[in-house]
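*Asks:* Below, each chain spelled out in residue letters.
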Amino acid sequence: MTTHTDREYEADLHLLRERLLLMGGIVEEMIRDALTAAIERDAALAQAVIDRDREVNRAEVEIDRLCLKILALRQPAASDLRFVTFALKAVTDVERIGDLAVNVAQRASELSAEPPLPLPPAVARMAALVQTMLHQALDAFVRGDADAAGALASRDDEVDALYVEVFGRELDAMRDPAVIQRALRQIFLAKNLERLGDHIQNLAEMVIFMAQGKDVRHPHSRDPEP
Amino acid sequence: MTAPSRPVVGVAALSAGFGDRTALRDVSLALEAHAVTAIIGPSGCGKSTLLRCLNRMHELGAGAWVRGRVTLDGDDLYGPDVDAVQVRRRIGMVFQRPNPFPTLSIRDNVAAGLDLNGFARAERDDRVEAALKQAALWNEVADRLNRSALALSGGQQQRLCIARALAVEPEVLLMDEPASALDPIATARVEELIHELKDRLTLIVVTHNMQQAARISTRTAFLYMGELVEYDRTEALFTNPKERRTEDYVTGKFG
Chain A
0 MTTHTDREYE ADLHLLRERL LLMGGIVEEM IRDALTAAIE RDAALAQAVI DRDREVNRAE
60 VEIDRLCLKI LALRQPAASD LRFVTFALKA VTDVERIGDL AVNVAQRASE LSAEPPLPLP
120 PAVARMAALV QTMLHQALDA FVRGDADAAG ALASRDDEVD ALYVEVFGRE LDAMRDPAVI
180 QRALRQIFLA KNLERLGDHI QNLAEMVIFM AQGKDVRHPH SRDPEP
Chain B
0 MTAPSRPVVG VAALSAGFGD RTALRDVSLA LEAHAVTAII GPSGCGKSTL LRCLNRMHEL
60 GAGAWVRGRV TLDGDDLYGP DVDAVQVRRR IGMVFQRPNP FPTLSIRDNV AAGLDLNGFA
120 RAERDDRVEA ALKQAALWNE VADRLNRSAL ALSGGQQQRL CIARALAVEP EVLLMDEPAS
180 ALDPIATARV EELIHELKDR LTLIVVTHNM QQAARISTRT AFLYMGELVE YDRTEALFTN
240 PKERRTEDYV TGKFG
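Protein sequences, first through last, are from chains A and B. Per numbering that gives the first Met the number 0, the very first residue in the first sequence carries number 0; after that it's consecutive. Per numbering that gives the first Met the number 0, the very first residue in the second sequence carries number 0; after that it's consecutive.
These aren't lab readings, by the way, just hints derived from the structure by calculation. Watch out, some of these pointers could steer you wrong.
Partial list, computed: chain B residues near chain A (C-beta under 7 Å) [claimed, not checked]:
no. : residue
1   : Gln155
2   : Pro240
3   : Glu242
4   : Asp247
Within a straight-line C-alpha distance of at most 30 Å, the following computed BS3-like cross-link-like pairs (lysine-lysine) qualify [what the hints assert, rightly or not]:
no. : chain 1 : residue 1 : chain 2 : residue 2
5   : B       : Lys197    : A       : Lys88
6   : B       : Lys132    : B       : Lys197
7   : A       : Lys68     : B       : Lys197
8   : B       : Lys132    : A       : Lys213
9   : A       : Lys68     : A       : Lys88
10  : A       : Lys68     : A       : Lys190
11  : A       : Lys213    : A       : Lys88
12  : B       : Lys241    : B       : Lys197
13  : A       : Lys213    : A       : Lys68
Quick reminder that beta carbons are idealized off the backbone N, C-alpha and C, glycines included.
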């Protein structure tokens, strides 16, 4: 791997990459803890997730600042340019992933204060799936692996299908008026997981662009290549 | 795909050098009409040699040799009956350092090429004015055409040299680092001028400055050690180059 002749530039790009990975690691932990809090009815753990949102926000600001600095001072080109634009765009999705983890934690906290209502099994499957997806998306980013990132699109379809299943189950459950409020909270929780899948898929598409310079988004609504 | 523009300058299997040194190795490319083509690459990559082969300036050096073919609108520029001076009228050139004739006035500097190429004396003043306007210099010098060209600033002198090249109405204008000796404002003026001129003729610009190549050109050719490594739309070459050597050069990884 050749490195930049300008060491300071190399260090800036390295720092940006490190900050992105660190931020990805934080939201990964937040999702894991929020889901644990939901399953184990652990309000304290849920609160800990909610508190970590500030770390994510700080990381977002820091990454934006680094990207602007590199763009202004270095005028990056080719793979460097694609990496910096990836960082600028990816950071908003990662920040949203953090927000959604907070939303899951909030629902977990509310549910833990109410009488237990078992979560539909499809929620656990969604939870496992989005965690795997996020891990794989970050891994694809680290390795610049467009194929691995491309494989994530079909997994998001699985998440969407599971959400439909959860929604049906909860509707059935709501025939009993006593559980309506809790079932609604569980639907919101599942909806947050479904949205997580969308943001992770966005990340995966950006990894493909970063690695190959190929824009795979919206294949049916684009102008032909100039 | 935008309709590919008509190629105007054709380079086929071009090699060139001095004595036993090869500066350019088997380069082939088609340059589009009414476009700006930038030629980039590190020092000694052959970019100036390529430029100077296009208007038969290279052969003026001691021990210089050229093999291969260069065509302008289908005419073989190295054909046996071709007059190199005539080639240089059709393919003009502007150099890195502004080089106005020091003893001549502004007017006579622009007219110098007209006299050499046998343009009618009667048209002289009109052609001088037109060329100065095309070079975006007329407004600054209209009231002092008889003054020495050396009274102008560096940026103005460079635009004067561009006017001198334009006066003989070339089809192609070659520019060798046209802004490297200029300050940022004078550079911006020359770059703006390059944009305006491409409606009128075809421009080929050699530059060390990659950002400048990215700003001004439609297509970019990257040369390395005498070889053409990559030639593509400028946007593609700077966002997603196909060749590893191009990628390393434009990202600043020189090994």
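*Asks:* Under the criterion that the straight-line Cα-Cα distance not exceed 30 Å, is the pair Lys213 (chain A), Lys68 (chain A) satisfied?
*Replies:* 25 Å, holds
*Asks:* Tell me if the interface restraint on Pro240 (chain B) is satisfied: Cβ within less than 7 Å of some Cβ in chain A.
*Replies:* It holds, given that the least Cβ distance between Pro240 (chain B) and chain A is near 5 Å, below 7 Å.
*Asks:* Are the Cα positions of Lys68 (chain A) and Lys197 (chain B) separated by 30 Å at most?
*Replies:* 34 Å, violated
*Asks:* Sort out whether Lys197 (chain B) lies within 30 Å of Lys241 (chain B), counting only the CA atoms.
*Replies:* 27 Å, holds
*Asks:* Verify the proposed pairing of Lys197 (chain B) with Lys88 (chain A), using a straight-line Cα cut of 30 Å.
*Replies:* Not OK: Lys197 (chain B) and Lys88 (chain A) at ~36 Å, beyond 30 Å, violated.
*Asks:* Run the distance test for Lys68 (chain A) versus Lys88 (chain A): straight-line Cα separation, threshold 30 Å.
*Replies:* 15 Å, holds
*Asks:* Measure nothing beyond the straight line between the CA atoms of Lys132 (chain B) and Lys197 (chain B); if it is 30 Å or shorter, mark the hint as holding.
*Replies:* Holds - the C-alpha atoms of Lys197 (chain B) and Lys132 (chain B) are around 15 Å apart, at most 30 Å.
*Asks:* Was the hint right that Gln155 (chain B) lines chain A, CB cutoff 7 Å?
*Replies:* With a minimum Cβ separation of about 28 Å from chain A (threshold 7 Å), the hint on Gln155 (chain B) is violated.
*Asks:* For the pair we were handed, Lys68 (chain A) and Lys190 (chain A), check the Cα-Cα distance against 30 Å.
*Replies:* Not OK: Lys68 (chain A) and Lys190 (chain A) at ~37 Å, beyond 30 Å, violated.
*Asks:* Is the hinted pair Lys132 (chain B) and Lys213 (chain A) satisfied, with a Cα-Cα distance of at most 30 Å?
*Replies:* 44 Å, violated
*Asks:* Holds or violated: Lys213 (chain A) with Lys88 (chain A), Cα cutoff 30 Å?
*Replies:* 15 Å, holds
*Asks:* Per the CB criterion, is Asp247 (chain B) less than 7 Å away from chain A?
*Replies:* Since the shortest Cβ distance to chain A is 6 Å, the answer is holds.
Checked against the numbered hints given earlier, this structure breaks hints 1, 3, 5, 7, 8 and 10; the rest are met.
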